[in-house]
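Now that you have both chains on their own, put them together as the hints suggest.
For the record, the sequence lines run as chains A and B.
Numbering-wise (the working numbering), the first sequence opens with residue 1 and increments by one.
Numbering-wise (the working numbering), the second sequence opens with residue 1 and increments by one.
Don't take each hint at face value.
[To be verified] Residues from chain A that face chain B, not an exhaustive set, calculated with beta carbons under 10 Å:
(1) Ala102
(2) Asn161
(3) Arg167
(4) Ala171
(5) Val173
(6) Gln174
(7) Leu181
(8) Gly183
(9) Gln185
The hints are simulated quantities; they were obtained by calculation from the structure and are not laboratory data.
The beta carbon of each residue, even a glycine, is placed where N, CA and C say it ideally should be.
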Amino acid sequence: MHALIQGIILGILTAGVYALMASGQTLIFGIMKVVNLAQGAMVILGAYLAFQLFTSFGIDPFLAIPITTVALFVVGVLVQLLFLRPLRSDDRSELSLLVTFAVALLLEGIMSVIWSTSDRSINTHYANSSWTVFGYQITLVRLWAFLLSLFALGLLYLLLNRTRFGRAIRASVQNPESATLLGVQSERVSAIGFGLGAATAAAAGSVYGLLYPFNSGSHYDLISRLLSIVILGGLGSVGGAVIGALVISVSSAIVASAISPIWSEMTFFIVLLLVLLVRPRGLFGTAARGAI
Amino acid sequence: MSEPILVLRSVVAGYGAGDILKGVDLEVQPATVTCLIGPNGAGKSTVLKCVSGLLRPRQGSVTYRGDVIDPLSTRKRLSRGIVHVPQDRSLFPAMTVWDNLLMGGYAMKDQKEVRRRVEQAADTFPICRQRAHDHAGSLSGGEQKQVELARTLVLDPGLVLLDEPSIGLDPKSRTQVFASIRGLAEQGITVLLVEQNARSGLAASDIGAVLETGIVRLVDSGASLLTNPEVARLYLGGHATPAAATAATSAPGR
Numbered sequence: 001m002h003a004l005i006q007g008i009i010l011g012i013l014t015a016g017v018y019a020l021m022a023s024g025q026t027l028i029f030g031i032m033k034v035v036n037l038a039q040g041a042m043v044i045l046g047a048y049l050a051f052q053l054f055t056s057f058g059i060d061p062f063l064a065i066p067i068t069t070v071a072l073f074v075v076g077v078l079v080q081l082l083f084l085r086p087l088r089s090d091d092r093s094e095l096s097l098l099v100t101f102a103v104a105l106l107l108e109g110i111m112s113v114i115w116s117t118s119d120r121s122i123n124t125h126y127a128n129s130s131w132t133v134f135g136y137q138i139t140l141v142r143l144w145a146f147l148l149s150l151f152a153l154g155l156l157y158l159l160l161n162r163t164r165f166g167r168a169i170r171a172s173v174q175n176p177e178s179a180t181l182l183g184v185q186s187e188r189v190s191a192i193g194f195g196l197g198a199a200t201a202a203a204a205g206s207v208y209g210l211l212y213p214f215n216s217g218s219h220y221d222l223i224s225r226l227l228s229i230v231i232l233g234g235l236g237s238v239g240g241a242v243i244g245a246l247v248i249s250v251s252s253a254i255v256a257s258a259i260s261p262i263w264s265e266m267t268f269f270i271v272l273l274l275v276l277l278v279r280p281r282g283l284f285g286t287a288a289r290g291a292i
Numbered sequence: 001m002s003e004p005i006l007v008l009r010s011v012v013a014g015y016g017a018g019d020i021l022k023g024v025d026l027e028v029q030p031a032t033v034t035c036l037i038g039p040n041g042a043g044k045s046t047v048l049k050c051v052s053g054l055l056r057p058r059q060g061s062v063t064y065r066g067d068v069i070d071p072l073s074t075r076k077r078l079s080r081g082i083v084h085v086p087q088d089r090s091l092f093p094a095m096t097v098w099d100n101l102l103m104g105g106y107a108m109k110d111q112k113e114v115r116r117r118v119e120q121a122a123d124t125f126p127i128c129r130q131r132a133h134d135h136a137g138s139l140s141g142g143e144q145k146q147v148e149l150a151r152t153l154v155l156d157p158g159l160v161l162l163d164e165p166s167i168g169l170d171p172k173s174r175t176q177v178f179a180s181i182r183g184l185a186e187q188g189i190t191v192l193l194v195e196q197n198a199r200s201g202l203a204a205s206d207i208g209a210v211l212e213t214g215i216v217r218l219v220d221s222g223a224s225l226l227t228n229p230e231v232a233r234l235y236l237g238g239h240a241t242p243a244a245a246t247a248a249t250s251a252p253g254r
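The shape of chain B in the complex, shown without the other chains (with noise of 0.2 Å):
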């Protein structure tokens, strides 16, 4: 296994006078997706945060490509490839696609370089340019995903951040979303979500993790995940068989 290209050593971050994570540990290796599920509010979405600079951990350590990055801004951490789509709508919905795009570079001095990139970005998701001058708020929840990921091609990242990706969509979109997803790693992008849709994000995941009360309590294959018992009791409906794993490796949308 090659070096990991984000590395969480006993992270204890929250809000306030609480803490939601007590002390995460976790390796996500480059070109990869991992999928962290967990119940609402074992901190699956402040991990991300952590990541991208939104939240500072009270203890521990976040090393990205071997450097600490703790002590950076979020704008920092941009410039250097950690790109992070929240869990809400993350568009702008009174700018046009274009335009939505073209934010993506903001944080880019070469403007001419930013647009070639969002060419290349609009190749890859062809929505971008079939809506390109409609307001993003007028395209459906999934239309909207598939800019968003665009956008984050745009800064050419390492590392996407995604929290939620199919929240909200119809179980067609969410497969695209999915594929895309898979797309981002298949390009050498190490994708790190969190998905409530365990089932699904396991599916389209190389690696499973289980976030329980700030704490990761388990790490396999998204493979292995979706067969393990006790997983699937908890997160998965209950179901939890290799054919059930089949089904859902294969279709992701479901």
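Isolated chain A, as found in the complex (with noise of 0.2 Å):
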């Protein structure tokens, strides 16, 4: 029982950051109906960024966020305005695919040039702090790493619901014709969009290298997972994703704690099946749709 317990606690805690990667890549859908694949490169290029400026600078993963997230939001509004805005309106969901996985694997290789395939880990001198509380262990960097990411989503909740950028976006999102006709630019939004996008993913990546060991391939396997969270709490909503979070990361957990590690891996995609069984549109795919 503790042992199940204890998996639970490390599960939400690991929610959290999923929920901030996939905010982003579900943003990115619900604006301009682009699945990202390279959602999972930014993150590993925002872990690889929070790692140069630790080791070269001394500045701290949590305290370079705001350096990372720029730079990502820079990056994020070239790739859009550079391969995806050329892309003709019609075709832009299917051709998105192919584009953005090019990018994953462009960034996968300059990544490699700049940093090399090996693993790489941020050991900030509270790595291994941990704190017990009632018998359960809280380990210190997941606890910053969730608070971390709860104040992220806050931000982004507050930027879409009391923002006028953020009211054209969900105008964007639940009527692109209609948001035009009002005066709208989807475009510099869907630029901007995707900028945030990144920008959660280099949030998300400063605190992902904390936790993790990371190289320059880690996106493949993040963003198998990323999606899994989008699609079970139903694309298009930032809601939904952290739902999808919750749920995958505590079943992980608990599988891991009262099975084997070995099937945690499985259970990403095993809850993913069994609710899209019951729920073909995910968690929040009927009820939140077009809502982000």
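The following block contains the structure:
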């Protein structure tokens, strides 16, 4: 029982980080109907940038987040302007799969050249610190990562729901033609939206680098998990991505502690398949469609 | 008659290789309601798109308040006061009614002024205040149309383009919507509307125009078109008597 509860705590803390990564993915899909297969590579790029700032300048990965998010925001805007905007809107959804996969490979290649393909990890002085609460161990890094993710998701929520630009994003998601007729410049919203999605990847990447060793090819595993989360939650719903991350991370952690860590890797996909059998649009795919 | 606020001259427009509009000529007088009727595929919605800038004419010109507006973007036409409400439900269903109204002033820079106008629009259409915090998608079809019309007011428009405002509405809601459209004209706003329900559309309009195969075939007052036997045969279900016209005028929802 103790192991099970410990697993659930671990799952919840991990879910925050995955929710942050997936929120960017689902935001991009909501605005542009683009499945961004480069989101995992952007997370890893964020991790490498945090790693470089830590090793070269001693900047703590959490404090590096403002720098990495701005850098990845610019990368995201450039990707949208250079690779996605030229696609014809009729074919954009289908072609974007190929284009964003190509962007992922391009980023992987650049990262391999700059940082080689060896595993890297960010080893801060508090990397192994932990608290014991009622007999359960809580790793300090995971707790901070969880809180940071909640904070970033809160900012994203405020941006989407309390600002004029956020209203324009939500309007573009729900009714693009009507938004255009009210003066929303959809291409501009798309570029900034893609940048925001990439920025969330950067924030999550800094944290990911603290939690796990990574290399330039780590994005393959990551993107499959992110897609599982956003499909489970319902494509286009940020709230769904948070719930999807919780369901998948907690169930995965429970299986790891109750059965075996080997099976835990499979849990992501088994849970996804089971949910899709019952709800083909994902948990929030109908009720919250277009609601981001 | 005063100077027309909107003039279309020999407008040719379409999608892909084909032309839908094949030389449309139309004049719209200020502070009036003009209704375009015609069969499916005649190009009624395409006319509205050419005016709002969603579609650029291949030939001809669109003039608004004396200026040729063909080179202007949708956004710039919006800032000049041309508001287009498309055929399908144009609200943002997962946003609140109030946020939908605020989106009506998205193109404006002065957000304080936007909020003032939203309050004014809500005064004109009380449903907006009653359901302010509800998601627009949870409103009935008639209520959504009221909110759409309220949203157009936020920009203080000179010309409102309405595409099938009565589509999918029950008779009572339809009556309310056409009464609201008359209300817009009484406030000095010009309305150009496209309507499949020709009888209701013409009854609520000062001027009617019949569009067939991309050309305006006939322009007359709404009341005259209601009594025109040919129009009646083709678009009003075959009944064109003065009595029918009177009934339709007094009850646009019918």
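Against the structure, the hints come out as follows:
no.: 1; hint: Ala102; verdict: violated (30 Å)
no.: 2; hint: Asn161; verdict: holds (9 Å)
no.: 3; hint: Arg167; verdict: holds (6 Å)
no.: 4; hint: Ala171; verdict: holds (5 Å)
no.: 5; hint: Val173; verdict: holds (8 Å)
no.: 6; hint: Gln174; verdict: holds (4 Å)
no.: 7; hint: Leu181; verdict: holds (5 Å)
no.: 8; hint: Gly183; verdict: holds (3 Å)
no.: 9; hint: Gln185; verdict: holds (7 Å)
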